[in-house]
Amino acid sequence: MSDKTHHIVPYRTYGLILVLLLCLTGISVAVTQIELTRWAMLVALLLASTKSAIVLAIFMHLKFDQLVYKVMAIFVVLVVLAVFVLTFFDYGFR
Amino acid sequence: MPEPLLHHDEHRDDEASKLGIWLFIFTELLFFGGLFVTYAVYRYAHREAFHLAAQELDVVVGTINTVILLISSMTIAMATTSIQKKDKRTTLILIWITLLLALVFLVNKYFEWSGKIGHGIWPGSPLLEELGRGDTLFFGLYFFMTGLHALHIIIGMVIIVVVLVRVQKDRITFDNFQLLENGGLYWHLVDLIWIFLFPLFYLIT
Numbered sequence: 245m246s247d248k249t250h251h252i253v254p255y256r257t258y259g260l261i262l263v264l265l266l267c268l269t270g271i272s273v274a275v276t277q278i279e280l281t282r283w284a285m286l287v288a289l290l291l292a293s294t295k296s297a298i299v300l301a302i303f304m305h306l307k308f309d310q311l312v313y314k315v316m317a318i319f320v321v322l323v324v325l326a327v328f329v330l331t332f333f334d335y336g337f338r
Numbered sequence: 086m087p088e089p090l091l092h093h094d095e096h097r098d099d100e101a102s103k104l105g106i107w108l109f110i111f112t113e114l115l116f117f118g119g120l121f122v123t124y125a126v127y128r129y130a131h132r133e134a135f136h137l138a139a140q141e142l143d144v145v146v147g148t149i150n151t152v153i154l155l156i157s158s159m160t161i162a163m164a165t166t167s168i169q170k171k172d173k174r175t176t177l178i179l180i181w182i183t184l185l186l187a188l189v190f191l192v193n194k195y196f197e198w199s200g201k202i203g204h205g206i207w208p209g210s211p212l213l214e215e216l217g218r219g220d221t222l223f224f225g226l227y228f229f230m231t232g233l234h235a236l237h238i239i240i241g242m243v244i245i246v247v248v249l250v251r252v253q254k255d256r257i258t259f260d261n262f263q264l265l266e267n268g269g270l271y272w273h274l275v276d277l278i279w280i281f282l283f284p285l286f287y288l289i290t
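First to last, the protein sequences are chains A and B. Numbering of the first sequence is given in the numbering used here, commencing with residue 245 and proceeding in unit increments. Numbering of the second sequence is given in the numbering used here, commencing with residue 86 and proceeding in unit increments.
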């Protein structure tokens with residue numbers, strides 16, 4: 245039955261994850277407000293990717309779900325990345 | 086493990102239900118992914134204008150809305166824990182908090198947009214035509230992407246209200262809470278999109 249896949253996540257875990265996400269948000273605001281030009285963009289996007297990975301893994305339970313969901317999620321991320329790379333192969337060399 | 090209380094007339098497949106919402110989430114991610122590609126290309130083509138235009142946006146309001154969405158994501162996730170612990174009261178409180186935070190987000194968005202419109206910035210406004218193509222593209226994408234995101238917030242709120250009513254009426258219970266989980270998954274998607282919108286529009290200037 246459905247019970248075997250349902251892992252009850254403790255409140256504490258969610259609370260800690262929220263604190264972590266808020267810290268990452270704080271860091272990305274701080275980094276971009278200090279003028280670091282080139283690096284700021286990269287750091288902000290890396291932090292956003294980290295935050296979304298945490299949301300997907302814990303809040304959206306991917307970590308506790310069956311493998312098929314993880315595989316599909318990774319596939320979708322790769323598709324989006326591939327579109328980015330291919331687009332900039334075009335625009336980057338014009 | 087106690088036997089789940091299933092009736093003869095009940096047709097349920099929680100796993101298929103979850104798979105369905107995930108497939109929908111993937112189409113949404115690809116949809117917004119396409120918009121992010123558009124943003125990246127135009128930013129690449131109009132670096133200077135995007136740089137200056139982004140400074141128009143209020144980092145404080147953006148940060149507050151980010152914090153609001155992160156907290157609401159946590160409360161709806163906690164609701165899936167409390168329902169499994171058969172704690173209906175806590176579940177209802179958590180869903181109510183999520184709903185109120187969503188409302189606060191929209192109120193902030195309303196003031197933010199009306200501020201922009203008050204300054205003569207809206208899609209196709211005469212001021213933008215004067216400022217040139219780069220600004221037109223930046224604010225066009227800003228209104229379209231944050232507007233589409235706000236529409237997702239509104240849809241999410243409708244879903245959360247349905248979940249709230251069903252928890253209240255004991256239609257969603259400790260052994261039948263897939264709708265709550267699916268609604269939560271949709272809400273996290275809204276959060277996920279904002280996690281990228283926030284740095285791209287408000288932070289990177």
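There could be a bad hint or two in this list.
[To be verified] Just a few of them, taken from the derived set where beta-carbon distance is under 7 Å, the chain B residues facing chain A:
| hint | residue |
| --- | --- |
| 1 | 101 |
| 2 | 102 |
| 3 | 148 |
| 4 | 155 |
| 5 | 166 |
| 6 | 169 |
| 7 | 267 |
| 8 | 270 |
Read the hints as simulated data drawn from the structure, not as lab findings. Treat the numbers as computed from the prediction; the structure is a model and nothing was measured. Ideal Cβ placement from N, Cα and C applies to all residues, glycine included.
Status of each hint after checking the structure:
1. Hint status for residue 101 (chain B) relative to chain A: violated, with the closest Cβ pair at about 10 Å, above 7 Å.
2. Residue-level restraint check for residue 102 (chain B) is violated (minimum Cβ-Cβ distance to chain A is 9 Å; threshold 7 Å).
3. Restraint check, residue 148 (chain B) versus chain A: the minimum CB separation of about 6 Å is within 7 Å; hint holds.
4. For the restraint placing residue 155 (chain B) at the interface with chain A, the shortest Cβ-Cβ distance is roughly 5 Å, inside the 7 Å limit, so the hint holds.
5. Satisfaction of the interface hint for residue 166 (chain B) is found here, the shortest Cβ-Cβ separation to chain A being roughly 6 Å, below the 7 Å cut-off.
6. The restraint placing residue 169 (chain B) at the interface with chain A holds, with a minimum CB-CB distance near 5 Å, inside the 7 Å limit.
7. About 11 Å separates the beta-carbon of residue 267 (chain B) from the nearest beta-carbon of chain A, more than 7 Å, and the hint is not met.
8. The restraint placing residue 270 (chain B) at the interface with chain A holds, with a minimum CB-CB distance near 6 Å, inside the 7 Å limit.
When the structure is compared with the earlier hints, violations turn up for hints 1, 2 and 7 and for no others.
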